[in-house]
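K.L.:
Residues per chain are reported as follows:
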Amino acid sequence: MRKHWSEIIIVALILISIRAGQRTTCDAQVKQQNLHLEFEQLVQTGQNSKAIETGRVLFERIVSKYPDNNSLHELQERFKVAQYLVEFISRNLKYRQKKSIENAISLEIKLELPSIRTNEEERGYLLEPPEQLYWTHFKSFSHELSIQGVSTVDAKFLRGYYCLRMQSWVREVATVVRKVIITNPEFSDLSYYSFVLPLLYIDEQENDWKELEYLFAFVDSDYLDAISDFCLLRVDRPGASCEITKYQAKSRGKSFSSIDWALTASAKCAENHRLGLAEKILNTAIDAIGDKEKVVELRLKIAEYYGKCGDSITAAKRCKQIAGDFPDSLLYGKVMSSYFAYLARQLKAKQILTEIDSVLESPSCQWYLSQLMYLKWWALRKTNQQILAKKIGEQLIEDHERNPHIAPILLAHATDALSNQQYEKCRLLLVRLTKNFPETNSARQAQKILVRLDRK
Amino acid sequence: MSIFNAPIWINWKVVRITLTILFGYSCLVSEASTSFSNEIISKNALVITGTEFYRRSRFDVGEIRIFLKNSGEEPISVCRPEFSRLIDIKDGQSHKYGMEVDYLYSKLSPPVLMPDRNGELLVKLLETTPDNSKFKCNVYGEIGRLSETIISIKEAPVWISYAGFSEDLDKIYVYGQNNTKTSLKIKLIEVAGISVGDNYQSVNNCLQPGDKGCLVFKMPNQRTLGEYIHIVVSAKSKEREFQTRRIIRAVNKFPLSSGGGSFSPRLGLDSEHAFVQIMSCPAHAHGTHKEAAGKFIDDCYQRFSQDPYFLSKMWICRSDKPRAWYTFGSLPDSAVINPVLLVSQAYQSNDKTCDQFCPFFWLATNAKKALEPNRFFACIPVNPENNVFSHSNHTPDEIKFLVYCAISAGAKGILYRDTPSFSRLSQDKFVRLNRELRLLKPLLMMAEPVNWASTADDNYVARSLLCGDEAILVIVFDCRYFSEQQNRMLRTPAFGKALRVVKTQVKVPEGFSVTEVKSMYAPLSTSRWRMEKGRLDFEADMIDSVQVYKAILRFESSISGTKE
Chain V
48 MRKHWSEIII VALILISIRA GQRTTCDAQV KQQNLHLEFE QLVQTGQNSK
98 AIETGRVLFE RIVSKYPDNN SLHELQERFK VAQYLVEFIS RNLKYRQKKS
148 IENAISLEIK LELPSIRTNE EERGYLLEPP EQLYWTHFKS FSHELSIQGV
198 STVDAKFLRG YYCLRMQSWV REVATVVRKV IITNPEFSDL SYYSFVLPLL
248 YIDEQENDWK ELEYLFAFVD SDYLDAISDF CLLRVDRPGA SCEITKYQAK
298 SRGKSFSSID WALTASAKCA ENHRLGLAEK ILNTAIDAIG DKEKVVELRL
348 KIAEYYGKCG DSITAAKRCK QIAGDFPDSL LYGKVMSSYF AYLARQLKAK
398 QILTEIDSVL ESPSCQWYLS QLMYLKWWAL RKTNQQILAK KIGEQLIEDH
448 ERNPHIAPIL LAHATDALSN QQYEKCRLLL VRLTKNFPET NSARQAQKIL
498 VRLDRK
Chain D
37 MSIFNAPIWI NWKVVRITLT ILFGYSCLVS EASTSFSNEI ISKNALVITG
87 TEFYRRSRFD VGEIRIFLKN SGEEPISVCR PEFSRLIDIK DGQSHKYGME
137 VDYLYSKLSP PVLMPDRNGE LLVKLLETTP DNSKFKCNVY GEIGRLSETI
187 ISIKEAPVWI SYAGFSEDLD KIYVYGQNNT KTSLKIKLIE VAGISVGDNY
237 QSVNNCLQPG DKGCLVFKMP NQRTLGEYIH IVVSAKSKER EFQTRRIIRA
287 VNKFPLSSGG GSFSPRLGLD SEHAFVQIMS CPAHAHGTHK EAAGKFIDDC
337 YQRFSQDPYF LSKMWICRSD KPRAWYTFGS LPDSAVINPV LLVSQAYQSN
387 DKTCDQFCPF FWLATNAKKA LEPNRFFACI PVNPENNVFS HSNHTPDEIK
437 FLVYCAISAG AKGILYRDTP SFSRLSQDKF VRLNRELRLL KPLLMMAEPV
487 NWASTADDNY VARSLLCGDE AILVIVFDCR YFSEQQNRML RTPAFGKALR
537 VVKTQVKVPE GFSVTEVKSM YAPLSTSRWR MEKGRLDFEA DMIDSVQVYK
587 AILRFESSIS GTKE
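The listed protein sequences correspond, in order, to chains V and D.
Heads up: the first sequence runs through residues 48 to 503, numbered per the working numbering.
Heads up: the second sequence runs through residues 37 to 600, numbered per the working numbering.
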C-alpha cells in the first residue's frame, strides 16, 4: 500500500515538473516575443544603441536555442571579425591621434602635461595595411549570408540585428578615422581603414551602399579617387569603386556614364597588371550595351590592354576572336591590323604572310591599308624576301607620303643604299625622313647616320 | 797542411746550389708565413702582417690584400706595390722571377697609416692568374721600397663578407663565409686593437662549406662614424689554422632616399645622407678604367686629408655589368648599383640554382659580392625608361618586390631613381613601404644574407638575413611577380588578389632558440610557429608581393666555449 502511494507521489511530481517546465518555456517564449517587439520598436524609432542592447540579449538566446546551427556560427564569426577590426583600428588610430597631438604641442607645454604612455605592443610595429586586413578576414564574409534552420521570426530578427550591428561598427570606425584626420590632415591615408569593414559587410553582387553612403561624405573629396582606386585595385571590388565614382559625379552635379567609368577603371587595372579585372569590368559593360560597334570597340580595348602589358599572344587571340564574331564591323580593318601587329610583336612573320593577303583584299580594311602593307613589308624583310619587300616599300612611299608608317621603310631603304655605297641616295632618304617624320624613332636613328655621313 | 792554410778554391757549382737552396728556403719560409699571416719581412717601418687572394665570382679577375702595420714613428701614405710572378723550378726547391705583373689599381686603407696602426693594401689585378701562382711583391712608399713579400694565389679559406654595426656603434657584427670544401670554425681574435679573448658571441661559427656565421663583439667604447677599424678573424679546420684581417669602416647608416638627391620626408625618405659621392661612373667615364680608378683614389686621399671620417660613394652604372661592378667594387666604401637592369646572356649562362629565383636577385647578389665587405646601395627605378627590363611603369607591388630582392641579397641602402609619379593610392603604398624599411633599418644595418630559409610552395621563395645574435629576417616572395618573359622583357602576369598561407622553414643556429616570430604588423600567434631541432616552421600570410618576418633569437647555451 505504502509502495503504491509513493508511486502516485512520484507520478504527481513528474507531472508538476512537466507543467512547470511548460510554463517556463511559455514564459521564455513570451519574453522572447517581447524582446522581438521591443527590438523592432527601437529600430523603428531610431534608438539604435538601445536596439543593439536588446538585440544582443535576444541574439544570445537564439544562439543557445540552436546550438548546432551553422548559419548562426557563421554570423558569430562575422561579429567576431568585425569586433576585432573595430578594436584593432580604433586602438591604433587613437594612439596615432594621441601622438599627433603630442607632436603638435610645443616642448614647453608638453612638459606641463602628464607624459603619454606609449603602448608597448604597438612600439616597433606598423599598422597593418588596409588591404591586408581585408584579405585576412575576407573568407568569413566571402559568401552570401543565409540564415537557415531557425524560425521565420528569429531569421528576420537576425538579419536586422546583423545589419544594425555592422552599421554601428562601421560608423564607429569611420568616426575614429575622421577625428584622426581632422587632428592631422597628413593622416589622410588612414581613410582606407573606414572602408575595410564596409567592404567586407557589403556584398559585391548586391553592392548596396545606400545605408553607408555617408561614408563617402566623411572622406575628403580629393581622397575619394584614392578610395575608389583602393576598392578597385587593392581589394578587387569594382562595384564599390563604381559607386564612389557615381557619388562623386552626383555631388559635383555631373552626369555619370557607366561605360566611361568602365573604360577608365579598366585602364587603371591594365596599368597595374590586373588584366583579368580589366577584362571583367569591360565584359560587364559589354553585357549591358546593345550597340554592336561599341561592343567591338570595348573588346578591342581588352586586346589592347593585353598588348600593352606585353602579352601579345593573348592580344592577338582576342583580335582574332573579335574578327570572327564581327566580320562585318566597321572596325574590322582596325581589328585585323591590330591582330597582325601583335603577330609581328611575336616575330611571326611567316604567319603574317600566310594570312595577310586575303585581308588586304577585304574592302572593310581599306582604311588600314597603309598599316597592313607596312606589316607585310616588315614580314617580307624578316623572311629575307628583299625584292618583294622593296617593291611594296616603294609603293607605300609613293602612295602614303605623309603616313608615319613609311618612316621605318625610308630608314631601311636608306641603310640599304648605304650598304651599296650610294651615299647621295642614302642622304636624300634620311633627310626626307627627318624632315617629314621628325618625332619618330626612325628619324632619331636617321639623324645619327646623317652625322656620320657628314663626316665622310 | 792545415786545412786553414789551404788555398781557397771557390767551387762555384756548390755556391750556386747553396745559394739556390738558401733562396728557395727563404721563399718557402716567407710563403708559409704569408699563408699563416705572421710577420714576414721587416724592412724600414712597414711590416707585412699577412696577405690574401680572393676572387669574388666568375666575373671577377681577383684581388690581393696585403695587411700592413706601421711600426715606425712617421705616418706612411701612398703605397705602390710592384709584382713579379715567380715561376716554379722543376725541383720545387726555388723560384725564379718572371715578368712584372700589371694591376688595375691599389688602394691603401686608411689612406694614411699612422704609427703603430694596421692597414690594408688592396690590389686589383688586371687578369685572372692561375691557381697557386706566386708573386714577389715589393711595396714602395714615397721614400722608396718599404717592404717585400711572396704572395701565393690560393683562395683564403674564410672570407669576411660583411661587418655591420649597431645603431650606437658600440657593437660589431663580423660575418665570415667558409670558402673551403670542409667545415671550419671561425673565431674573433681582435677588434680595433682589442684582443677579444672569449668575450664575444658566436652565431653559427662552425661553418659548413659555403655557409656564413657571425661573431658579435660589444666594444668598450662607442666608435665614430667612418672610423677605420682593424679586425682579425681566425678559421680552424682539421688540418690547419688560418688568420685573416680586414680594415672596415664603422657605419650605422642605411640610406633610404631618391637617387636624384632630392630628400623627401613626405615620402618616408631620409632627409640626409652620410656618404659623399666621389665619382659617377668609372665604367664608362673618366678615361680608361685605370685612369678612372686612379682619379677616384686621388680624390679620396684628398678628401681624407680634410676629413678622415668621410665615407665615399660611387655610382657604377650599366656599362659592362656585372663585370664592371667587380672591377670597381673594391674602391669605394659604398656603391650605388642598379640591380634591375639585366645582362640576359650573363644571367642565362649562369646555372639557375634555387638561390637565383629572379634575375633581379641574381644581379643584386652580384652587386653585393662586388662590394663586400663594403656596402652596396640598390638603385631602384621607380619610373623606368623604355630600355630597362620591364614593359611599363612598375606598380607599387613590383617596386616592393624589387626593393626586397635587393635587400635580401644584402643591399645596405635603397636609392630610388627619380621621384615617383604615382597616383595617390600608389603613393600611399610607396610611403608604407618606406615606413617598413625605416622600421627595419636597425636590423638591416647588421644583417647579412644566409641561405637558411625555404618554403613548401613552389610559387613562393623565402630568403633569410642573419641579424647577428638578435634575429633572423625572413623575406617571403611571391614568385609570380616578373615571372613571364616576352621579347626579352620581364612582366608580371595577371592574377587576382587573395590571401595565401605559405609554410616556411628557417634554420636556427645551434645554441639559439626563437622566442618570437613577428610580422611587420604584429607578433605571430604561437599556434602559427614552432621551433624544433634547430628548425623554425611558421606560416606566412601572403597578400602582397613580399612579406617580411622577424624571428627573434635567444642565446641558449655556450657551444664554442665563447660567451657574451
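In case anyone wonders, no lab produced these hints; they're calculated from the structure.
None of the values given here were measured: they were computed from a predicted structure.
No residue lacks a Cβ here, since even glycine has one placed at the ideal position from N, Cα and C.
Take the hints with a grain of salt, since some may be wrong.
Said to hold, decoys possible - Pairwise CB distance ranges (calculated):
| id | chain 1 | residue 1 | chain 2 | residue 2 | range |
| --- | --- | --- | --- | --- | --- |
| 1 | D | Gly134 | V | Glu471 | 56 to 62 Å |
| 2 | V | Glu258 | D | Arg536 | 31 to 37 Å |
| 3 | V | Thr311 | D | Ser549 | 40 to 46 Å |
| 4 | V | Gln368 | D | Arg536 | 27 to 33 Å |
| 5 | V | Gln433 | D | Arg516 | 49 to 55 Å |
| 6 | D | Ser549 | V | Lys297 | 34 to 40 Å |
K.L.:
Would you mind marking each hint as holding or not holding in the structure?
P.N.:
Okay, the hints, checked on the actual structure:
Checked against the hint of 56 to 62 Å, the C-beta distance between D/Gly134 and V/Glu471 comes to roughly 58 Å, which is consistent with it. Taking the beta carbon of each, V/Glu258 and D/Arg536 are about 33 Å apart, inside 31 to 37 Å as hinted. In this structure, V/Thr311 and D/Ser549 break the distance hint of 40 to 46 Å, their C-beta atoms being roughly 54 Å apart. Between V/Gln368 and D/Arg536, the C-beta spacing of about 32 Å keeps the proposed range 27 to 33 Å intact.
Roughly 43 Å separates the CB atoms of V/Gln433 and D/Arg516, a value that falls outside the hinted 49 to 55 Å. Judged by the Cβ atoms, the range 34 to 40 Å given for D/Ser549 and V/Lys297 is violated: they are separated by roughly 60 Å.
In this structure, the hints that do not hold are numbers 3, 5, 6, in rising order.
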